[in-house]
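J.: Chains as they are written, first to last, in UniProt numbering: chain A, 1 to 294; chain B, 1 to 294; chain C, 1 to 294; chain D, 1 to 294.
Think of the hints as simulated: they come from the structure by calculation, not from any bench. Hints may contain errors.
In silico SDA-like links for lysine to any residue, alpha-carbon gap of 20 Å or less [what the hints assert, rightly or not]:
(1) A:Lys206 x B:Phe122
(2) B:Lys82 x A:Asp152
(3) D:Lys136 x D:Phe122
Every value quoted in this text rests on a predicted model; they were computed, and no experiment measured them.
Protein chains: 4
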Amino acid sequence: MEINGVKIQDTFAEGFGIKVSRLIITAATKHLAKIAATEATGFATSVIGCPAEAGIDQYIPPTESPDGRPGYAIMICHMAKKALGEQIMDRIGQCVLTAPTAAAFNALESEESFPTGKQLKFFGDGFETEKDVNGKKMHVIPIMSGDFLVEDEMGWKDGVAGGNFFIMGDSQMTSIVAAEAAVDAIHAIPGVITPFSGGMVASGSKTGSKYSFMSASTNEKECVTLKDQVETELPENVFGNMEIVIDGVDEESVKAAMKAGIEAACQVPGVIEIGAGNYGGSLGPYQIHLQELF
Amino acid sequence: MEINGVKIQDTFAEGFGIKVSRLIITAATKHLAKIAATEATGFATSVIGCPAEAGIDQYIPPTESPDGRPGYAIMICHMAKKALGEQIMDRIGQCVLTAPTAAAFNALESEESFPTGKQLKFFGDGFETEKDVNGKKMHVIPIMSGDFLVEDEMGWKDGVAGGNFFIMGDSQMTSIVAAEAAVDAIHAIPGVITPFSGGMVASGSKTGSKYSFMSASTNEKECVTLKDQVETELPENVFGNMEIVIDGVDEESVKAAMKAGIEAACQVPGVIEIGAGNYGGSLGPYQIHLQELF
Amino acid sequence: MEINGVKIQDTFAEGFGIKVSRLIITAATKHLAKIAATEATGFATSVIGCPAEAGIDQYIPPTESPDGRPGYAIMICHMAKKALGEQIMDRIGQCVLTAPTAAAFNALESEESFPTGKQLKFFGDGFETEKDVNGKKMHVIPIMSGDFLVEDEMGWKDGVAGGNFFIMGDSQMTSIVAAEAAVDAIHAIPGVITPFSGGMVASGSKTGSKYSFMSASTNEKECVTLKDQVETELPENVFGNMEIVIDGVDEESVKAAMKAGIEAACQVPGVIEIGAGNYGGSLGPYQIHLQELF
Amino acid sequence: MEINGVKIQDTFAEGFGIKVSRLIITAATKHLAKIAATEATGFATSVIGCPAEAGIDQYIPPTESPDGRPGYAIMICHMAKKALGEQIMDRIGQCVLTAPTAAAFNALESEESFPTGKQLKFFGDGFETEKDVNGKKMHVIPIMSGDFLVEDEMGWKDGVAGGNFFIMGDSQMTSIVAAEAAVDAIHAIPGVITPFSGGMVASGSKTGSKYSFMSASTNEKECVTLKDQVETELPENVFGNMEIVIDGVDEESVKAAMKAGIEAACQVPGVIEIGAGNYGGSLGPYQIHLQELF
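Produce the entire structure from the sequences given, and follow the hints as far as they go.
T.: What follows is the structure, given as structure tokens:
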């Protein structure tokens, strides 16, 4: 199967469950909203070494946002419910409450939720009040620079982590530029994030290592600079390789994101093949076959 | 004392000790370097609720960077040495090693250091090598998209946290714009960061609360929307109030940053007074008097 | 009439006719598309002293763009048809053809058009070819770095210039931040641009001057720093004043943009009144009454 | 000759004279200064089809700027003195005077100058005043949103246009990323601009054409997609080719920029050769030999 001359491998991405919250951070301007959303979703590429997986889902213009101000939908994800609740509290409390003109809204319809606003309000020391904003129950906390508004509860649900695909190109830079194009496209799909730096992963790993104390290590068979030293899995004409990793609110969102991202990557001259990462189906309950996306 | 018609209060910022590392993150382009540096310094406004305090110190052009590529000097800070070492390992390992074309260099002359590169190299699973880059001992770790270079050791030293000043203006937006100007100026001073979102703090706090379970709460006497409800400390004509918080590699850097930031803030029309936060000198060993900066 | 406590004056914006083209500039990434679109729409705030009025209308994600790549819809406007055609040729030929990976598509359904691609193709010196891209007739011009694609014809139609409103605030910075919020909102409305720097005008003018050689000069009655020197038209509590000027493909688009912009501006704390500029109805055929927008 | 394994061709860039002005545009924040500087230098890639060549030279932090506010040094260039003076007047008058909080300073020591501020002040309609700002004679023009300050005279001098080099890579994207790195490096050199979109030229041209009505056309021998159709000048393993074009205040600045740009480009994996464009020495008085730069 080919898209725009790019071979789509007959393989699948293997995903697994993760608990997901989706919030909208608004502010006086798009510029200020992005600052708060970026800080709140930083240091969150992978739960392996970060306290959460998080990222900006998409920009919400004033005409569509809960309070008529520009905002960014963000997602915060964790394997454990308790840790997710704590991360939301810490990231909102430390990075959004403290940010100029910011407010935080729930942006997920869900059965379960965390009492984020309900607890954060106590920072108001008795000066906090309540306000209805377009049907949402908001706590108004007076802070030094004005009022911080935070929704009473923040929803969470079972989502899907580990959606992924590989962009193999004729050079390292081709794969990077194509990965950037893929991330641009994925931002048009609501309900997904690409939590790594710039939305892309430069360092795929394998489980295990020759060093007994390492549980994971570089996947040398996918490394472009080791093609001559190892039994590579890279096609002969491939010299660039970047992975896109996707977390979503559900499998449909992850599929839509993979489809949009792959189609965009295939528009970049020099992209040769699209692959995906899996563990033979042994690890995760979700198998998203690339060729079935189109 | 006045600067450009703005009153500089006769008060001081009270700082305390913190352990500081300073690194340079380089990449193929300024755009890519910023992406890695931003992710690596996210979720790091205050050690009260974040795993570290971190931020971008300043842009390092290719002509001045350790490997001839554009980079950003970043700082990561923590009260505890052990936690600082772990944060550097996690933030470099999760947010920089994984980022496209990024590399990580030590940027601090210090007596003590963490073995960040020395340990991270094992991710290479035996394919890692060593390389001298302009006198620096770098580990070359082959990753999927190319090679990741990380310096053998990352220095740390005793620095200063809690440098601060308040920008009081004739409106909320005046204080925000002036705070942005202050942060712009502070980026010109090497060795300091303003770790909060956008470099500014919208929510100053006081210790204690009417709620017994809260150890800190909003500082109502500094809140612009509570002027009519409480015994305010804000001048009558002040309706905006933003705080700049600064961490630095030493007291001199923090002083230089406060000076540059205050001078820049005073150029914004509508700024009325500059104050500072302290605990009467009871908490921190550093007392930086505003009027002595000029 | 009030919106969120902000008085909407009982006045109208006076618009006039202008000839408008709308194009989509795509590129390999959003980053590269913005670079080309920004250069192509620069030096174009007002036809009084610029060769055109131009600006970015909105971002077009890969999932919605004519070639599956990220793009920006831009608009270029001029009073004279001939001059508009030349401006499109020059701006595409000098700023888009020359830009990395860029392509230019028509984005206007119209009865009349300019033969932009039809003429630009000759740059290919005989190596140019034709290609159908999703039903669009594109010329493929080999250039140094790859192929430049440009659509055969670029449509133009009679549009509306001079949509406007004034944002009066309690400080200069309030009006600037609110104007930025307004521009953020207007970007969500297709078919309009705000051609001035940052989308806002800091310097409203009146016709005539005490200097005989000046046909226009500062409108002192609207100047915040002249309130004490002249018979001001500004309310007593207003100390900031910014204008948003809008060009659109038709009156409905301009109205929608004014509505969205005003609503967003009214969310910024410190905004006091919204006004509009007109010449008593003597100059332009379009009268857009503020209060009728809501 | 090689730099980091990249062949530096034994050739030279051929430059010619151009008249150059250098200004600093300051504003309340870096963000606002960039907006004004970008608009004022847009539509200015080449005097062949644009009214000027212009671009941002470099960022000037508040600590180094003429009025203590963040700014951008920009350059505006033209072959003809009269046209240059008009361009400065139009670009300052239309794009900077109209921009929020902006001011315009001369940033060139020169023997000759244009009376830009001296003439622009009349927009003040009698309300204009004069002010000394750190030794500079500024005109203060009250505008709607505050005061616009512009320096009395803007200097100009004979500079050098047409500094250039070619970045040939193993793919189109390699050359683009390397060109971006080169532009990042060049921004560290004061007194130069790279006037094309994103600082790079995707479309080198030759004089003449098979079409009699075209005086210039695509340089097919440098086109990566025509390698199989024409007698190419590109090395066999080169599939990407981008040009950097530089204008400078003098030959030394252009040389320093070429050196910095080439060194940065050579750090990007996949770059193969660096070339330069000339007309055999017949056209321009400046011959800058690549290998003599190092």
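J.: Does each hint fit the structure? Answer for all of them.
T.: Tested hints:
| no. | hint | result |
| --- | --- | --- |
| 1 | A:Lys206 x B:Phe122 | holds (13 Å) |
| 2 | B:Lys82 x A:Asp152 | violated (37 Å) |
| 3 | D:Lys136 x D:Phe122 | holds (19 Å) |
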